[in-house]
Amino acid sequence: DAGVTQSPTHLIKTRGQHVTLRCSPISGHKSVSWYQQVLGQGPQFIFQYYEKEERGRGNFPDRFSARQFPNYSSELNVNALLLGDSALYLCASSSEPRTTLKFGPGTRLLVL
Amino acid sequence: TQLLEQSPQFLSIQEGENLTVYCNSSSVFSSLQWYRQEPGEGPVLLVTVVTGGEVKKLKRLTFQFGDARKDSSLHITAAQPGDTGLYLCAGAGSSNTGKLIFGQGTTLQVKP
Chain B
1 DAGVTQSPTH LIKTRGQHVT LRCSPISGHK SVSWYQQVLG QGPQFIFQYY
51 EKEERGRGNF PDRFSARQFP NYSSELNVNA LLLGDSALYL CASSSEPRTT
101 LKFGPGTRLL VL
Chain E
113 TQLLEQSPQF LSIQEGENLT VYCNSSSVFS SLQWYRQEPG EGPVLLVTVV
163 TGGEVKKLKR LTFQFGDARK DSSLHITAAQ PGDTGLYLCA GAGSSNTGKL
213 IFGQGTTLQV KP
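These protein sequences, in sequence, are chains B and E.
Quick note on the numbering used here: the first sequence kicks off at 1 and runs consecutively.
Quick note on the numbering used here: the second sequence kicks off at 113 and runs consecutively.
Worth flagging that the hints you see were computed from the coordinates, not collected in a lab.
One or more of the hints may lead you astray.
[Said to hold, decoys possible] Here are the simulated lysine to aspartate or glutamate pairs, EDC-like style, with alpha carbons at most 20 Å apart:
hint, chain 1, residue 1, chain 2, residue 2
1, E, Lys168, E, Asp179
2, E, Lys168, E, Asp195
3, B, Lys102, E, Glu153
4, E, Lys169, E, Glu129
5, B, Lys102, E, Glu150
6, E, Lys169, E, Asp179
[Unchecked claim] Residues of chain E clear of chain B, computed beta-carbon distances all greater than 10 Å:
hint, residue
7, Asn130
8, Ser139
9, Gly154
10, Asp179
Cβ atoms here follow ideal geometry from the backbone N, Cα and C, with glycine treated the same way.
Using the sequences and the accompanying hints, generate a full structural model.
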C-alpha cells in the first residue's frame, strides 16, 4: 500500500514568490496535517484538515493557507515567501484527527 | 503554551554504548510519542505511551512515560550504527485536533 506522497520533493523560490505544495494521503485516510520543520528543529504544526474542513491551525501568519479536496488530498499555499520560510514541509495523514499520523517524506523548500 | 524540551540535542557515541534521551515539559499530555527521522525522510513512529508510569520496550529501546504524564525518556541499550538518526518526542494535547507538540529533537550518531 502506498504511503503518504508529497510533491515536489525539492523547490527553490525567491523572496516574495508564492508556492503550492501537494500531499496525497494514505488510501482511506480522511485527515491531513501539515508541519514545518526548520533545520535543526522539531516539526511545528501548521494545519489539520478533516473531511475537507479545517480542524486546527498553528501559530503561523495568514500567508499560510491550505485546503483539502474531495479525494482527501491537500494543498499548502504560502504567499509572499520570506527567507525564514525555508524548511522541510511535512504532510501527515490519519484516518481521523486524533489517530496515529503517518508522515510523508516532505518537500524541502529553499527561499533565496 | 505547551512546550517539550529534549536533551541532549546532540549525542555521539561508540557502538555498544548505552544512552538515554529525555523529553520534559511543564504541561500534561494525554499521550506522548517517540519518532525517528532519517535524512530526507519524514518521522517514523516508534511508540506511543498513554498511561502515567508506562514502560514500553521495542527490542533494545525502552520508553518510559512519567507518572504525571509531563515527561518521558528513551533508553537505548548497546547502540548500533543503524540507530543513527534524529529522535523526536511529541506530545498530544486534549483538544479535538490531532495536533502534536514536538521537541527540538536529539541527533544521535553511533560510530562503529
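Going down the list of hints, with the structure as the test:
| no. | hint | result |
| --- | --- | --- |
| 1 | E/Lys168 with E/Asp179 | holds (14 Å) |
| 2 | E/Lys168 with E/Asp195 | holds (18 Å) |
| 3 | B/Lys102 with E/Glu153 | holds (12 Å) |
| 4 | E/Lys169 with E/Glu129 | holds (18 Å) |
| 5 | B/Lys102 with E/Glu150 | holds (15 Å) |
| 6 | E/Lys169 with E/Asp179 | holds (17 Å) |
| 7 | Asn130 | holds (24 Å) |
| 8 | Ser139 | holds (15 Å) |
| 9 | Gly154 | violated (3 Å) |
| 10 | Asp179 | holds (23 Å) |
Hint compliance for this structure: hint 9 is the single one not met.
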